[in-house]
Amino acid sequence: MRYFLLFFFAAVVGVVLIAGPQGKRSPNRPFEIFPDMDHQPKVKAQSPSRFFADGVGPRLPIAGTVPMGYDFPAAGPGLARIAGAENPGAARSSHPGLSFGNDPSYLATGKMGDNWGDGIPVEVNAKLMELGRDKFTIYCAVCHGVTGHGNGVTSKYGWNGIANYHDERIVGQPDGELYNTITHGKNTMYGYGANLSVTDRWAIVAYVRALQKAQRGAVADLTPEQRATLPTQ
Amino acid sequence: MANIFPKWTNQLPLKVLAGAALVVTALTGGITYYFTPKYTNVGYQPVQPVPFSHAIHADQLGLDCRYCHSYVEKAAHSNVPSTQTCMNCHSQIKQNSPRLALVRESYKSGKPIEWVRIHKAPDYVYFNHSAHVNRGVSCVSCHGKINEMAVVYQDQPQSMSWCLDCHRAPENHLRPLQYITNLNWKPEDIGTTQKQLGQELKDRWGVKPPVTCNGCHR
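In order, the protein sequence lines correspond to chains Y and A.
Quick note on this note's numbering: the first sequence kicks off at 7 and runs consecutively.
Quick note on this note's numbering: the second sequence kicks off at 260 and runs consecutively.
A couple of the hints might just be wrong.
Unchecked claim - Straight-line distance between alpha carbons at most 30 Å, and here's what the computed DSS-like set of lysine-lysine pairs gives: (1) A:Lys404 <-> A:Lys461; (2) A:Lys445 <-> Y:Lys48; (3) A:Lys370 <-> Y:Lys30; (4) A:Lys353 <-> A:Lys461; (5) A:Lys353 <-> Y:Lys133; (6) Y:Lys117 <-> Y:Lys192; (7) A:Lys333 <-> A:Lys467; (8) Y:Lys192 <-> Y:Lys219; (9) A:Lys379 <-> Y:Lys30; (10) Y:Lys48 <-> A:Lys370; (11) A:Lys445 <-> Y:Lys133; (12) Y:Lys48 <-> A:Lys379; (13) A:Lys461 <-> Y:Lys133; (14) A:Lys445 <-> Y:Lys192; (15) Y:Lys117 <-> Y:Lys219; (16) A:Lys367 <-> Y:Lys192; (17) Y:Lys162 <-> A:Lys467; (18) A:Lys445 <-> Y:Lys50; (19) A:Lys404 <-> A:Lys353; (20) A:Lys467 <-> A:Lys454; (21) Y:Lys162 <-> Y:Lys219; (22) Y:Lys192 <-> Y:Lys133; (23) A:Lys353 <-> Y:Lys117; (24) A:Lys445 <-> Y:Lys30; (25) A:Lys379 <-> A:Lys297; (26) A:Lys333 <-> Y:Lys192; (27) Y:Lys48 <-> A:Lys353; (28) A:Lys274 <-> A:Lys297; (29) A:Lys370 <-> Y:Lys192; (30) Y:Lys50 <-> A:Lys367.
Worth flagging that the hints you see were computed from the coordinates, not collected in a lab.
Keep in mind the model is a prediction, meaning the values are calculated, not measured.
Please put together the full structure from these sequences, using the hints given.
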């Protein structure tokens, strides 16, 4: 009995010492007790695949193909919001408002003919402004700052030359050019077309315009009632 | 008649029984403690190809999770960012750092960085990020304090019972949508308690997570 007890406690202590407590940090892959059907031969998002020669699971679209479920390129303005008779393709879109814009319209390119167009081609309402504020805070404020003065957190890590939205040059730019800067970037700024849907991008344009207006407003812009609420100097 | 069994054998059945009881107890305890994702998965902290730190980028710089995990609100899968996302900043910041050599190389060649995956639901489980994130469940409920991790590790077991614990009582986790990616936020910050707020949001949004098998195994 004595030997058994000795052996028993040695075994328990050994297991505990080797296995350690729950939640211990370990760089080793989790041990699978019953692998069952954990790994099925299907390609999941962002996973490698041995089926293709280059080993990459997610495939790039082949030139000339149209992604299923998304807006059709040639079908007019391309947003489900304006779907219907004039835009039958968009009506079938299973992801309304999620277009990443591969058609040549003003909505998707910011261009009218060969020039930058002006005007925001989606309905501007409080909801769009809120979307614009959210997306701006996530994607742009890190560099351009919450007020758009080019003083975001990256400027404190030695990045000079981040554009200030309140420069005359940028205030004077047409909306289409701003839209294009978001999609494709400009000089040292990279594009955000892959992260932001077409609607998101126009929402940001609208919000940037509001930021600019907030810095350039004059008392004359206010209605008499609003002026009455101002503190008197 | 001579004794066939010596005297010490009188206690043998008792000893065998006691020994067996000990072994069974130890085995049961060991299996309960070790054969669970709480042991096998929690704490998994692989070495990543690039020493990327969430503590620097999310906490010190204050980047929103969605700057990198862009589609978490829109898709079932929460994407790991492309190399270009890193180069947005690292084309200008620390552009000569040797720790970023792999990022620059990947950007030039177009071959993605092979991040080691940490959280992984088995392929027979249907999980959808956007269904949770748009219903007031914060990243912190399922991934822990990522913003304080220099190297990401798995903080929650993500086992079936863990999913169900929340699905049966979601009020312990719900919060207003604008605080989803703010991992330091507490209901006390807006002068309420989790119980009160969670119950209110649950009623207002009619939150009813699935607890039947075909909700998650479809």
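For the pair we were handed, Lys117 of chain Y and Lys219 of chain Y, check the Cα-Cα distance against 30 Å. 23 Å, holds
Given the hint that Lys353 of chain A pairs with Lys117 of chain Y, test it: the Cα-Cα distance must not exceed 30 Å. Roughly 35 Å between the alpha carbons, so the hint for Lys353 of chain A and Lys117 of chain Y is violated.
Given the hint that Lys274 of chain A pairs with Lys297 of chain A, does the C-alpha gap stay at or below 30 Å? 35 Å, violated
Does the alpha-carbon distance linking Lys367 of chain A and Lys192 of chain Y stay inside the 30 Å limit? At roughly 19 Å apart (the allowed maximum being 30 Å), Lys192 of chain Y and Lys367 of chain A satisfy the hint.
Checking one constraint from the list: CA of Lys461 of chain A to CA of Lys133 of chain Y, max 30 Å. Satisfied? Measuring from Cα to Cα gives roughly 24 Å; hence the hint holds.
Could you grab the alpha-carbon distance between Lys445 of chain A and Lys50 of chain Y and see if it respects the 30 Å cut-off? 34 Å, violated
Hint check: Lys404 of chain A vs Lys461 of chain A, CA-CA at most 30 Å. Holds or violated? Holds, because 24 Å separates the two Cα atoms, which is no more than 30 Å.
Is Lys445 of chain A close enough to Lys133 of chain Y, meaning Cα to Cα at most 30 Å? Holds, at about 27 Å.
Run the distance test for Lys445 of chain A versus Lys192 of chain Y: straight-line Cα separation, threshold 30 Å. 39 Å, violated
With a cut-off of 30 Å on the C-alpha distance, tell me whether Lys370 of chain A and Lys30 of chain Y pass. Status violated; Cα separation ~33 Å.
CA of Lys333 of chain A to CA of Lys192 of chain Y, is that 30 Å or under? 27 Å, holds
If you draw a straight line from the CA of Lys467 of chain A to the CA of Lys454 of chain A, is it 30 Å or shorter? 17 Å, holds
Consistency note: the structure conflicts with the earlier hints numbered 2, 3, 4, 5, 14, 17, 18, 23, 27 and 28.
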